[in-house]
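One letter stands for each residue in the lines below.
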Amino acid sequence: MKYDTIIETEDLHKHYEVGGVAIKALDGVDLKFRRGEYSSIVGPSGSGKTTLFNMIGGLDRPTKGRVFIDEIDVSKLDAYELAWLRCHKVGYIFQTFNLLPVMTALENVSLPMIFAGMPRKEREKNAIEILDRVGLGNRLHHRPSELSAGQQQRVALARALANDPSIILADEPTGNLDSQTGHEIIQLLSSINKERGVTIIAATHDLKIIDVSDSVIFMRDGKVERVETRS
Amino acid sequence: MDGGKAPDSGVKGRVELPLTEAFRVSLEQIQRRLRRSGIIIASIALGIALLSHFLVTNLIFEAYGKVMGVTMEAYQFWLIVVSFIVCVIGLTNSSLIAVYERYREIGTMKSLGALDRHILELFLIESTIFGLVGGSLGFITGALSASVSSGSQIGFGALLSVQAFDLLLNFSYSVGLAVVLNIVSTMYPAYKAAKLRPVEALRYEI
Chain A
1 MKYDTIIETE
11 DLHKHYEVGG
21 VAIKALDGVD
31 LKFRRGEYSS
41 IVGPSGSGKT
51 TLFNMIGGLD
61 RPTKGRVFID
71 EIDVSKLDAY
81 ELAWLRCHKV
91 GYIFQTFNLL
101 PVMTALENVS
111 LPMIFAGMPR
121 KEREKNAIEI
131 LDRVGLGNRL
141 HHRPSELSAG
151 QQQRVALARA
161 LANDPSIILA
171 DEPTGNLDSQ
181 TGHEIIQLLS
191 SINKERGVTI
201 IAATHDLKII
211 DVSDSVIFMR
221 DGKVERVETR
231 S
Chain B
1 MDGGKAPDSG
11 VKGRVELPLT
21 EAFRVSLEQI
31 QRRLRRSGII
41 IASIALGIAL
51 LSHFLVTNLI
61 FEAYGKVMGV
71 TMEAYQFWLI
81 VVSFIVCVIG
91 LTNSSLIAVY
101 ERYREIGTMK
111 SLGALDRHIL
121 ELFLIESTIF
131 GLVGGSLGFI
141 TGALSASVSS
151 GSQIGFGALL
161 SVQAFDLLLN
171 FSYSVGLAVV
181 LNIVSTMYPA
191 YKAAKLRPVE
201 ALRYEI
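So the protein sequences, as listed, match chains A and B. Going by this note's numbering, the letters in the first sequence line up with residues 1 to 231, in that order. Going by this note's numbering, the letters in the second sequence line up with residues 1 to 206, in that order.
It is worth saying that the hints were derived from the structure and are not from the lab. Glycine included, each C-beta is placed from N, C-alpha and C at the ideal position. It cannot be assumed that every hint is accurate.
[To be verified] Chain B is faced by these chain A residues, among others (derived, beta-carbon under 10 angstroms):
(1) SER75
(2) ALA79
(3) TYR80
(4) TRP84
(5) TYR92
(6) LEU99
(7) ILE114
(8) ARG139
(9) HIS142
(10) ARG143
(11) LEU147
Bound conformation, chain A alone (with noise of 0.2 angstroms):
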């Protein structure tokens, strides 16, 4: 059976320079994630793996290789084309949550649809249902500063979902987070996955994640070790 494919990245390459030495961040990386899939990359520190996620996300360029998103070659787009794949396609949830300090979780919300040029009524009801839906609904008009820590990752989880992309990407989603409040990170990921049929790929420690990973993909030195997939 043919497995439908929604991200694929063809020989990947990143080198940086860091004080006249030569970094290969990323040193050929093949990989196939198919739709729906709950996948995570692991590895240590420096493996690579939050750099594989910047160039899936088309955050960073790769120095040599191509990653394609539903068949799109990242690396052909042009800044209004990549906005546009950042706005409508993929969601990213950082470890530091980089949620606007001076904005409600409303407002914060409702960001990505203002740049997908919805009006503000829908954009509001919108924001309103997916807040709801992770659990802050009673939580609106709240600032970053008002919230905690596990909340603000919600937050940004809801942010993530706001122009229903097909992927989610995250990085180190439980990072800041203490174990209990890291579990229902993950066990919200985890159904939201499975409501929304979204590709979610996290880059992470955290061996709770991968626990209810479909695939794991292992990484050491810029190069993947091993990809172990179940269900």
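Using the hints, position chain B against chain A.
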């Protein structure tokens, strides 16, 4: 720009930031960061106040001089030059800091789909508002202090000889200077930040 353009994926969608939305977001940003906004406006006002104090003093002495035969002294001219330099330094400094501390925010917005020009639009609106408010407040302060100090030197009657048109002209110079300088000093770092790839802006250390 054509908002309907999208990669050949069959999915329709746009990336945009309508001016009304940009204006609303900027205004909200200013309100929410009230303390920070206050500091920026105050530092703009301070620079402009110093400059307009000397401009208006000059104006008063000139108008009075036409009646009394007094001319502007060289040191007054240099005071205006020095206060202009102080004004430029203070103003650019505060707007540079205001942008640098928001690099991470710029990176986040870009990761959510903002275009470079959306970022610039937001900063442009914000810095124009800061320039207008700070410049006006500064001119009023400067003009008042100039009136009091010159009035106490040569008599308050001298103030009456100042033409309203000249005052208005100086007001426009001062506010215009505040707006232009603030835009220039904000847009330079904002442009730099907007041009960065999101991942670079996100990890930017000042």
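Hint check:
1. At its closest, the beta carbon of A/SER75 sits 12 angstroms from a beta carbon of chain B; the interface hint therefore is violated under the 10 angstroms criterion.
2. Given hint, A/ALA79 at the interface with chain B, holds; its Cβ is 7 angstroms from that chain's nearest Cβ, closer than 10 angstroms.
3. Because the closest C-beta pair between A/TYR80 and chain B is about 6 angstroms apart, less than 10 angstroms, the hint holds.
4. Because the closest C-beta pair between A/TRP84 and chain B is about 5 angstroms apart, less than 10 angstroms, the hint holds.
5. Nearest Cβ of chain B to the Cβ of A/TYR92: about 5 angstroms, under the 10 angstroms cut. The hint holds.
6. At its closest, the beta carbon of A/LEU99 sits 8 angstroms from a beta carbon of chain B; the interface hint therefore holds under the 10 angstroms criterion.
7. Against a cut-off of 10 angstroms between C-beta atoms, the interface hint on A/ILE114 holds, since the closest Cβ of chain B lies about 5 angstroms away.
8. At about 17 angstroms, the closest approach between the beta carbon of A/ARG139 and any beta carbon in chain B exceeds 10 angstroms, and the interface hint on this residue is violated.
9. Given hint, A/HIS142 at the interface with chain B, is violated; its Cβ is 13 angstroms from that chain's nearest Cβ, farther than 10 angstroms.
10. Checking A/ARG143 against chain B by beta carbon gives a least distance of about 8 angstroms; that is within 10 angstroms, so the hint holds.
11. Here the hint on A/LEU147 is broken, as its CB sits about 15 angstroms from the closest CB of chain B, past 10 angstroms.
The structure does not agree with the numbered hints 1, 8, 9, 11 stated previously, though it agrees with the rest.
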